[in-house]
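Asks: For reference, the chains in residue letters:
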Amino acid sequence: MTEPMPYADAVTQFEPVIGMEVHVELGTASKMFCSCPTAFGAEPNTQVCPVCLGLPGSMPVMNAAAIESIIRMGLALNCSIAEWCRMARKNYFYPDMPKDYQISQYDEPLCVDGYLDVTVTTDDGPQVVRVEIERVHLEEDTGKLTHTGGATGRIHGADYSLVDYNRAGIPLVEIVTKPVTGTGALAPEVARAYVTELRDIMRGLGVSDVKMEEGSLRCDANVSLNRPGDEWGTRSETKNVNSLRSVERAVRSEIQRQAAVLAGGGRVVQETRHFHEDTGQTTPGRSKEQAEDYRYFPEPDLVPIAPDPVWVEELRASLPEQPSVHRARLAEQWGIGDFEMATLVNAGVLGLVEETVAAGVAPDAARKWWAGELTRVANEREVEPGELGVTPADIGRVEELIAAGSLNDKLARQVFEGIMAGEGSADAVVEARGLAVVSDDGALLAAIDEALAVQPDVAEKIKGGKVQAAGAIVGAVMKATRGQADAGKVRALLLERLGVSD
Amino acid sequence: MSSDIERDLIHQSAATLAQAIAEGETSSREVTQAHLDRIAAVDDRVHAFLHVDAEGALAAADSVDARRAAGEELGPLAGVPLALKDVLAMRGIPTTCGSRILEGWRPPYDSTVVERLRAADVIILGKTNMDEFAMGSSTEHSAYGPTHNPWDLERIPGGSGGGSAAAVAAFEAPLAIGTDTGGSIRQPAAVTGTVGVKPTYGGVSRYGLVALASSLDQAGPCARTVMDAALLHAAIAGHDPRDSTSIPDTVPDVVAAAAQADVRGMRIGLVRELSGEGYQPGVEQRFREAVGILENLGAEVVEVSCPSFDYALGAYYLILPSECSSNLARFDGMRYGLRAGDDGDRSVEQVMSITREAGFGAEVKRRIMLGTYALSSGYYDAYYGQAQKVRTLIRRDFDSAFAQCDVLISPTAPTTAFRLGEKVDDPLAMYLNDVATIPVNLAGNCAMSLPVGLAPEDSLPVGLQIMAPAMADDRLYRVGSAVEAALQDRWGHLLIEEAPSL
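Protein chains in written order, with our numbering: chain A, 1 to 502; chain B, 1001 to 1502.
Careful: at least some of the hints might be erroneous.
As the list claims (entries may be wrong) - Non-contacting residues of chain A with respect to chain B, defined by C-beta distances greater than 12 Å in every case (computed):
1) 210
2) 293
3) 414
4) 420
5) 466
Unchecked claim - With the C-beta cut set under 7 Å, the calculated list includes, among others, these residues of chain B facing chain A:
6) 1118
7) 1120
8) 1351
9) 1376
10) 1428
11) 1494
In case anyone wonders, no lab produced these hints; they're calculated from the structure.
This structure is a prediction, so every number in the text was calculated from the model and none was measured.
Built from N, CA and C at the ideal position, the CB exists for glycine as well.
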């Protein structure tokens, strides 16, 4: 296997074209064509009936809530909503499909021609990229196969396979972008920003819980490369991309892999590829060199979907605030600019900051912790900041302790470290680790006297009015108390001791 | 009447039996037992049944008798036995569709038709033979051997619902349920001297009817009198929320129409394209006599032209195989029915392939292949697409004909019952049996076949087809019962009473 090309070289020699296919499992109470429940994690094959098992004679009936959800999604993505369209059968044999066809949409999607503006950070500041949406359509999910035995966990080589049809028939919305060109080295960030924005919109609409780790939001990333001025190259389709971070990594790694293949005179194979979280690499899956013939035709068991335009306008009028508008409003409330906002979004902490502010923490403090220390640790540990174990309530408590003077920033970091290590609440960590600002005036005055005795020349300077020299003494006191003192308080006591004022 | 009933329970109409049960002249158990005895006596020669549920039938009969004794008000068919085509799901009772691939499958649910029959206290005797998955016009394509025509055991009983028609004609049941995709209720009715109705598409729920061609299939009544058919039609028809293609409007009062039996002032259209070449002389003769009867009864008969009907057979044999190739995909050996070739080493795909090879008969395979081809990328527009256009033209032909006429008429089938084996190796000759019945399925309106005499050359029954607009099913009964009454006056009895006693 060819070594991947260094990223900077890859995007210098080649132009990436990306495209995203995102599947969102709708959070409807019942399945798309029957009344079975949709809750995640039930015992296998307990949420099934003749319809979602595709038993002979059973017939689908469209879930009206699913139609409403997809229309709201289409509107939020600036799509046109079809006034009349039909479901179609996609025919292929696979044991995870009870009917050996999937009810989907083909040439008559419900929502078409939308767009989504996403913001990425560049050296020149935030940049807005418009991602055009080709179509948003409705389809049913398949069952879930578990392949047992064999080395790969895939169907080939398995001893046997188990099927859980609980997922079969859960409504899925597929959102397909048009090819996104001209993003150059930013392609991986654009991909991530797009999926992030999409997730936030879906969450705002309340149509899905959009949990990538549970598969309620799934992303396939298409990547091709071409030399500047050439036709677009052959694309690969990377699946198994289960986090926002992976979206970016998968696109980056595909760019590096394809660049190496092309630079070596090779040819990119049209295929699906699987992304591996552990290695950050993709491996080949099913070849798509020969297009499969799905023999689509209009689903005769369902009547056409013809949403009343008046109803569609009512849905449009009742859409929640768009994330971009929401962000502008937050930026104004928090008194921050585009750059700061883009930083929060790209770090994936905007929602966390918002929740923390809602928990009563000052916006600056909430931003400082999430975008600073916690993002740094998350990057170091290669996880999302939300997965660190620190909650908005924890930050609220730490800020209270700081305001009360019993913690300072340095100690606060140690409190978060303890929370992330699973040592319990902020108070529990403070207690267990003995983290408290030394506030006993007597102890501090003793330390100050000791420091002044060591540096008599500094003491003289301060007395002579050079107040800025106080820093040296404060530093010494802080060192002596191993950081457990409130620097402001030390400074005030020092000045009082020497009989000077600011 | 009382003495007749005692003498001969099996030769009575359903209406008479229901009344006798209601008035306590006989019991549902006695009636049911009489029919079970008749089945035991003749069905080894007729082979109308694939499964007889004597225990279930008698238990249901006892329940009706008990409730009647308790003074409960029961419906107009309460306690009357019925034979159910083996294409309708009935909880716990084998449902094979005449195929090896479903051998041993017992549905865990009731079709809506069965639910309504139970609600009407109709006693289901068992499941009747049929061409495999309703593909055929002779019942010779059943995997379980052919059904024999009670008029001449060497001849076909029609198909696909030959079992239901033969059960009624052989006095094994006063009522039966058939399904009609291209004539499978009407053509068997014609060749067995019985009455059969294909209701308006969407008039009777398809939920639980194992689909052949979803846009064409429709369940309907088989009986020996028009009034019996009307009573059964009324019992099973009506909107069903589990079938999206079910019509929400109220079903016209077919029982009142059957009682009305008056054609005075009606305009009746004789379809020019459904006569002439290919129609047996005796069939045409009896048809012309029926036209004379209608005129004598005060109807005006005019000739109408439906030029697109010439293309109906061709369009039908593209649409039906296309839909059936998809509908029958689910029979893959994974979840129910036959599984062949699973030796522990073979792949899923191999087992599916071997199962379908072993489980499907030649006619089913032929149509699956035709349909798979017709839906293939690159051929879809030329075949499936064109066929849908023909369908629109046929609908327009009906529209303009019904703008001039209340109902249309034709012979039901071009010939009387042919000999078993005569056409089994000539699919095209077999398909031509349905040339007069297919247009109604393509357009979605309704039609009836009723007996109008024996062809002089072979002394076998001839059927008159009456066609009415969608949701005007009542007109079929109004015209049909008038013709039936006139013929009964002429002969002094129903035609079926001339059938051999077996």
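Asks: Give a verdict on every hint.
Replies: A quick look at each hint next to the structure:
no. : hint : in the structure
1   : 210  : holds (29 Å)
2   : 293  : violated (5 Å)
3   : 414  : holds (56 Å)
4   : 420  : holds (45 Å)
5   : 466  : holds (85 Å)
6   : 1118 : violated (16 Å)
7   : 1120 : violated (20 Å)
8   : 1351 : violated (10 Å)
9   : 1376 : holds (6 Å)
10  : 1428 : violated (25 Å)
11  : 1494 : violated (34 Å)
The earlier numbered hints that this structure contradicts are 2, 6, 7, 8, 10 and 11.
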